[in-house]
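Visitor: What follows is each chain in one-letter form.
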Amino acid sequence: MGHESLSQIFIGTLLTNNFVLAMFLGLCPFLGVSGRLSTAVPMGAATTFVMLVASLCAYALNLLLSYFNLEFLRLISYIVVIASAVQLVEMVMKKYSPALFRALGIFLPLITTNCAVLAVALFQTAREYNFSQSLVFALGGGAGFTLALVLMASLRERLQLANVPVLVQGTALSLILAGLLSLTFMGFAGLGGGE
Amino acid sequence: MSLPNPADEGITFDTFMEGVWRQNPVFVMVLGMCPVMAVTVSAINGISMGIATTFVLTCSCFLVSLLRKLVPKEVRIATYIVIIATFVTLVDYLIQAGSLALYEALGAFIQLIVVNCIILGRAEAHASRNPPLKAVVNALGMGLGFTIGLFALGGTREILGAGKLFGISLFGEHFQPWVVMVLPPGGFFVLGGWLLLFALFRGKAAEGGHTHGA
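Protein chains in written order, with this note's numbering: chain A, 1 to 195; chain B, 1 to 214.
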């Protein structure tokens with residue numbers, strides 16, 4: 001699978017195989033932080049950054065581990081790298097934007113357990129992407145995540161003014177919304193020619 | 001391993017049932033959603049995933065609970081993650097050796113058990129504060145609750161989307177499958193539906209037993 005062009009990979013991860021809506025990755029922050037647009041965008045940006053760092057490190061680590069025949073350590077080393085990257089983002093954000101830091105709250109350290117980030121590292125290894133392909137894959141994944149988050153946040157902001165039955169309010173409503181969004185994204189199938 | 005002394009509340013039936021019903025990870029806490037949605041296209045996938053997760057959850061909680069007095073507070077999350085990742089690697093190789101078909105059906109989601117929020121959440125919220133035996137009982141309950149949730153979702157999607165349950169055809173050959181249910185949007189819709197059902201039940205229960213509802 002290592003011969004896809006860069007644009008194919010980008011469009012594929014952004015729309016056709018959107019991480020959140022088609023592959024069900026990163027649902028916890030997707031449902032948790034998508035209440036307001038003002039937190040959705042920085043959360044998306046932070047996640048994208050962590051993805052890029054994770055992708056870079058995973059690429060280097062994979063070379064190293066394959067060289068020493070230590071593939072069984074892959075998962076553990078990836079997760080440790082991601083955890084450190086998140087710690088870094090957290091410290092930077094705390095220093096330069098304390099308000100944002102508080103708004104994102106518990107969901108910031110939880111980027112570590114965002115499956116989308118680990119999935120970037122795992123998938124790029126499984127698909128044997130080369131260096132530039134890995135980076136574009138991470139960028140596309142992050143952009144796709146941000147896109148889904150922003151769309152969802154906008155929808156939910158609109159719905160705050162709507163008169164929704166009490167029973168449906170909360171997570172059930174978000175899930176049904178996400179289902180509709182996911183249906184919409186299925187319309188992109190075949191785009192990018194990678195399928 | 002010391003027996004739980006009477007001072008801290010020992011292991012009760014509720015330690016086990018907490019995860020199955022009151023704090024069900026899928027329907028009440030809505031945690032660990034990624035594997036829940038992604039692998040539940042059929043009942044059998046759901047159950048396998050549930051069992052794998054239960055195994056990792058129980059082993060990790062046991063170890064975390066054993067080490068709870070040794071691990072410094074600052075590095076506890078990193079320690080937990082490494083413990084969890086170890087067991088996930090184990091499960092990954094076990095499934096690969098046991099059933100290649102299952103391994104391919106679950107795909108990357110076996111390795112992604114590492115980042116399942118339930119496991120880290122339970123390690124942090126329960127196992128790190130309780131003796132090993134209690135932690136294991138609670139983890140088993142949580143795992144069972146998670147498996148039930150996965151089965152409910154996988155079963156519903158398989159019945160609606162393919163007209164089958166465990167690969168056995170239910171409605172005869174004229175059944176028109178509701179294909180969207182096994183596609184990604186179906187996962188969201190079915191879970192949304194289940195949550196609605198639960199909200200309805202709890203609404204009824206709260207009305208019936210007045211002030212007792214949470």
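One or more hints might be untrue.
[Claimed, not checked] Covered stretches of chain A, going by a simulated chain B footprint (3 or more residues, C-beta under 8 Å):
id, region
1, 13–25
2, 77–87
3, 108–120
4, 163–171
5, 177–184
[Said to hold, decoys possible] Now the in silico label distances, taken between C-beta atoms and shown as ranges:
id, chain 1, residue 1, chain 2, residue 2, range
6, B, 170, A, 95, 55 to 63 Å
7, B, 180, A, 132, 31 to 39 Å
8, A, 95, B, 74, 15 to 23 Å
Hints are computed from structural coordinates only; laboratory data are not their basis.
As the structure is a prediction and not an experimental result, all values here were calculated from the model.
Cβ coordinates follow ideal geometry from the N, Cα and C atoms, glycine included.
Visitor: Indicate, hint by hint, whether the structure satisfies it.
Guide: Going down the list of hints, with the structure as the test:
| no. | hint | in the structure |
| --- | --- | --- |
| 1 | 13–25 | holds (count 5) |
| 2 | 77–87 | holds (count 3) |
| 3 | 108–120 | holds (count 9) |
| 4 | 163–171 | holds (count 4) |
| 5 | 177–184 | holds (count 5) |
| 6 | B:170 to A:95: 55 to 63 Å | 59 Å, holds |
| 7 | B:180 to A:132: 31 to 39 Å | 36 Å, holds |
| 8 | A:95 to B:74: 15 to 23 Å | 19 Å, holds |
In the structure shown, no violation is registered for any of the earlier numbered hints.
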